[in-house]
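Peer 1: From first to last, the protein sequence lines stand for chains A and B.
Each residue of the first sequence is one higher than the last, beginning at 1 in full-length UniProt numbering.
Each residue of the second sequence is one higher than the last, beginning at 1 in full-length UniProt numbering.
Simulated from the structure, these hints should not be mistaken for lab results.
Just so we're clear, the structure is a prediction, and the values are computed from it rather than from any experiment.
Incorrect hints may have been included.
When the alpha-carbon atoms are kept at most 25 Å apart in a straight line, the in silico SDA-like pairs for lysine to any residue are as follows [as the list claims (entries may be wrong)]: (1) A:LYS344 / B:GLU33; (2) A:LYS123 / B:VAL325; (3) A:LYS218 / B:GLY36; (4) B:LYS4 / A:ARG122; (5) A:LYS218 / B:VAL227; (6) A:LYS4 / B:ARG122; (7) B:LYS408 / B:VAL227; (8) A:LYS188 / B:GLY274; (9) A:LYS123 / B:ARG122; (10) A:LYS188 / A:VAL235; (11) A:LYS4 / B:PHE324; (12) B:LYS408 / B:ILE386; (13) B:LYS22 / B:PRO58; (14) B:LYS232 / B:SER279.
A short list of chain A residues far from chain B (calculated; beta carbon distances all over 12 Å) [claimed, not checked]: (15) ILE61; (16) LEU138; (17) ASP175; (18) SER177; (19) VAL183; (20) LYS188; (21) TYR319; (22) ASN378.
What follows is a set of in silico ranges between Cβ atoms, one per label pair, in the way DEER data are often shown [claimed, not checked]: (23) A:VAL183 / B:ALA425: 55 to 65 Å; (24) A:ASP174 / B:LYS273: 13 to 23 Å; (25) A:ASP54 / B:LYS273: 33 to 43 Å; (26) B:GLU261 / A:PRO28: 19 to 29 Å; (27) B:SER360 / A:GLN384: 45 to 55 Å; (28) A:GLU223 / B:LYS64: 54 to 64 Å; (29) B:PRO365 / A:GLU243: 43 to 53 Å; (30) B:GLY189 / A:GLY245: 28 to 38 Å; (31) A:ARG56 / B:LYS273: 55 to 65 Å; (32) B:ILE5 / A:SER73: 36 to 46 Å; (33) B:GLU234 / A:GLY245: 27 to 37 Å.
Even glycine gets a Cβ: it sits at the ideal position worked out from N, Cα and C.
Protein chains: 2
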Amino acid sequence: MNKKIINLGIVGFGTVGMGVVKILQHSPAMFTEKTGLRPIIRKIVDIDKKRHRDVRIPAWILSKNVQDVLDDSEINVVIELTGNESAARKILLDALSRKKNVITANKSALAKYWDEIFAAARKNGVEVYYESAVCAGLPIIQVLQQGLAANRISRIFGIVNGTTNYILTRMDRDDYSFKDALVEAQKKGFAESNPTLDINGYDSLHKIVILSSLAFGKRVKIEDVYVEGIDKIEVSDIKNGAELGYVLKLLAIAKEEVNKEIEVRVHPTFLPKGHVLSSVEEEYNAVYIVGDLTGPIVLYGRGAGQMSAASAVIGDLIYLGRRFVSGMSGRVDNIWEEKHSDLKIKGINEIRAEYYLRFSVVDSPGVLAKISNILGMNDISIAQVIQKSRFSGSVVPVVMMTHEAVEKNVQRALKLIDHLDIVKAKTVLIRVIGVRS
Amino acid sequence: MNKKIINLGIVGFGTVGMGVVKILQHSPAMFTEKTGLRPIIRKIVDIDKKRHRDVRIPAWILSKNVQDVLDDSEINVVIELTGNESAARKILLDALSRKKNVITANKSALAKYWDEIFAAARKNGVEVYYESAVCAGLPIIQVLQQGLAANRISRIFGIVNGTTNYILTRMDRDDYSFKDALVEAQKKGFAESNPTLDINGYDSLHKIVILSSLAFGKRVKIEDVYVEGIDKIEVSDIKNGAELGYVLKLLAIAKEEVNKEIEVRVHPTFLPKGHVLSSVEEEYNAVYIVGDLTGPIVLYGRGAGQMSAASAVIGDLIYLGRRFVSGMSGRVDNIWEEKHSDLKIKGINEIRAEYYLRFSVVDSPGVLAKISNILGMNDISIAQVIQKSRFSGSVVPVVMMTHEAVEKNVQRALKLIDHLDIVKAKTVLIRVIGVRS
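Next comes chain A alone, as it looks inside the complex:
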């Protein structure tokens, strides 16, 4: 067996960095067996040298200075795990410009600086791997790039954030409020101490930007994607949806129909209970992909965690190692060329969907007529209604599920409805994935 060496520099020695080092320390033989290469960690960089870590490394390996990795001409793979998007951008570009291959877990840096990063990789004839950036150890990047390479992808529906899925599960199953469910998620270690990016949907946004760019072979820009988080969701909406046969998920959606504009968006979404994603609960992730040849495919698993993310990083490293051994010398074949057709993403106002609407109205005669009248005038037809409480004069919820309608019509109707005297609070709108979507 070939005993050549692969020299590594790791930047960022936090949770995932420690996981990567653990695997390389505990299973160097596995790595060698699968690649023919002996992995050597030449340098680990982190600004915090003192932090307690549950892996032992020789003191001289740890540095505060990223130049120690960049300037080491022996290092041919830089593993970037900083978690800071602008630091990551600089490290990636610097490493690529020195003709070092990079592996990164930084989804926001990839989503924001994709063009810059891949242009640098092409220019320097080196490669960029990022399996860990989306759903950690669930190998969704490789499946899109390779396994499904022959397919035209028409749909990606992803539950790609474990924290929010855990929160929605607790709200649904145990009637927790959003806030209580969040506290529970933090206790269980699923949510970060600052869980803003999870809750406001931006973590899912970064992931769907990467997945849809790959799936469609076109650059999806982060600023073109509509995003809405779960922080305004109330338990009553989840319960109402359940009564109508739906389950609420924070869904990352990408759709491409032949000769139509692409849709890419992230928002809370009601799924019919029969949909395969509706049973994905707790902190689990799942990505539903429709290829024209394969039909629907689902990948399901935990999309986070130290060792799961490290699994993806080492998986990339094994792949890269095999390419080294094969005599591959920096052919950037894992990304499409820059031949972007002018890509337009449909604005949220232009989409067609079914809608869950919860009106807060005074319980008096004629209310339903007034609301349905405005909906009708805006081309919105009603599929189901729930109206339960009956205390004359008090404010009660009226829930409606519409047939497919155009979003701007719905928004226009809601503006009119929310100005009615009988309406006492802003109407709640949740988009629905229909059975035929």
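We have chain A already, so just place chain B on it with the hints.
Peer 2: Quick look at chain B alone, frame taken from chain A:
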């Protein structure tokens, strides 16, 4: 873009072969965009030249003689889709010996002649791809080889045969008998006109031999694997299982525990209703894999069909094409080296499982005591019992779910029980995947 050429020979022009040709005819630009290569079909071989086919090819491309592919020195990839295992073996070995890369869909040839085929590939410095051999377009081979490469795999539970899953779904949902459900599967086009290999479990056997060999990095031999089909399953057993909280699936199982013998087997299996595989219905396939780093992962989708299988073949071809362009020249890196540790597969008698047992007994006093006495003496303890009908003197079913027990003890006990006067038919045994398995 590079306009180099990849020259193909296709052997076997049946359903999948036609699918492959359709994709290459309809989307040559897609292939070129993803690989930089122009695909040229130089020859298609099939013994039946007259059969009606819904793809048009120039008459001179079609031949009855496989030598036309083997002797063409321009052809560097042979796509083998004959469906006949001994013909496939010969074609693969001949192609490899002429230093042609091969792509094959032939699971039984791979399962039986693995050593011979990969030895020939290594010897000749060419490669063997076979994504389509297991679950068609569901990219389970690539996920095991690459995405999960850093993991030690401890479990594979696979629903890998769509025909039998469709039959079991119809029996469960619509109370069809096995025979009626089989006829329905044939009408729907899921089952072959000769569905023997589906029903007797051998199709699943071939697939789990390939998956477990890959997952464990060791050669699993077909003759060491226990296999049992679904042809003896009765609707009443499915209903009894449902009552106890279980769903019946034909499961392909591979287990490896540290320092223990490997288990590889195929048989009808009761799964707890909470298990993620229990909701895989109709003709769908799913493979549940537990990696030490990733935890449980599931791939779900249709595991058969013309275009799905063709998707896998073209996916392999794209992968291979990219390696050509990268200057890779026949490094067999996608299979492990021949360093097989002496692998022992646990015999079916040695496994530990929970068991569903249905006794056919005379309904008279003391029956339950006699049976439980024999079970107890053989270290088998009972978890649940169903005994319903009460027509004194007639033959009634008694259903028991055991705690975990050793199979040989169960078999010994059943031999004793089936000899009792009060027992009127051979006891039905179905293995159960416990919640902790």
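Peer 1: Does each hint hold? Answer for all of them.
Peer 2: Quick rundown of the hints versus the structure:
{"no.": "1", "hint": "A:LYS344 / B:GLU33", "result": "holds, 21 Å"}
{"no.": "2", "hint": "A:LYS123 / B:VAL325", "result": "holds, 17 Å"}
{"no.": "3", "hint": "A:LYS218 / B:GLY36", "result": "holds, 17 Å"}
{"no.": "4", "hint": "B:LYS4 / A:ARG122", "result": "holds, 20 Å"}
{"no.": "5", "hint": "A:LYS218 / B:VAL227", "result": "violated, 47 Å"}
{"no.": "6", "hint": "A:LYS4 / B:ARG122", "result": "holds, 20 Å"}
{"no.": "7", "hint": "B:LYS408 / B:VAL227", "result": "holds, 16 Å"}
{"no.": "8", "hint": "A:LYS188 / B:GLY274", "result": "holds, 22 Å"}
{"no.": "9", "hint": "A:LYS123 / B:ARG122", "result": "violated, 35 Å"}
{"no.": "10", "hint": "A:LYS188 / A:VAL235", "result": "holds, 21 Å"}
{"no.": "11", "hint": "A:LYS4 / B:PHE324", "result": "holds, 23 Å"}
{"no.": "12", "hint": "B:LYS408 / B:ILE386", "result": "holds, 24 Å"}
{"no.": "13", "hint": "B:LYS22 / B:PRO58", "result": "holds, 14 Å"}
{"no.": "14", "hint": "B:LYS232 / B:SER279", "result": "holds, 22 Å"}
{"no.": "15", "hint": "ILE61", "result": "holds, 21 Å"}
{"no.": "16", "hint": "LEU138", "result": "violated, 6 Å"}
{"no.": "17", "hint": "ASP175", "result": "holds, 21 Å"}
{"no.": "18", "hint": "SER177", "result": "holds, 26 Å"}
{"no.": "19", "hint": "VAL183", "result": "holds, 24 Å"}
{"no.": "20", "hint": "LYS188", "result": "holds, 15 Å"}
{"no.": "21", "hint": "TYR319", "result": "violated, 6 Å"}
{"no.": "22", "hint": "ASN378", "result": "holds, 39 Å"}
{"no.": "23", "hint": "A:VAL183 / B:ALA425: 55 to 65 Å", "result": "holds, 58 Å"}
{"no.": "24", "hint": "A:ASP174 / B:LYS273: 13 to 23 Å", "result": "holds, 20 Å"}
{"no.": "25", "hint": "A:ASP54 / B:LYS273: 33 to 43 Å", "result": "holds, 38 Å"}
{"no.": "26", "hint": "B:GLU261 / A:PRO28: 19 to 29 Å", "result": "holds, 26 Å"}
{"no.": "27", "hint": "B:SER360 / A:GLN384: 45 to 55 Å", "result": "holds, 49 Å"}
{"no.": "28", "hint": "A:GLU223 / B:LYS64: 54 to 64 Å", "result": "holds, 59 Å"}
{"no.": "29", "hint": "B:PRO365 / A:GLU243: 43 to 53 Å", "result": "holds, 50 Å"}
{"no.": "30", "hint": "B:GLY189 / A:GLY245: 28 to 38 Å", "result": "holds, 30 Å"}
{"no.": "31", "hint": "A:ARG56 / B:LYS273: 55 to 65 Å", "result": "violated, 45 Å"}
{"no.": "32", "hint": "B:ILE5 / A:SER73: 36 to 46 Å", "result": "holds, 38 Å"}
{"no.": "33", "hint": "B:GLU234 / A:GLY245: 27 to 37 Å", "result": "holds, 33 Å"}
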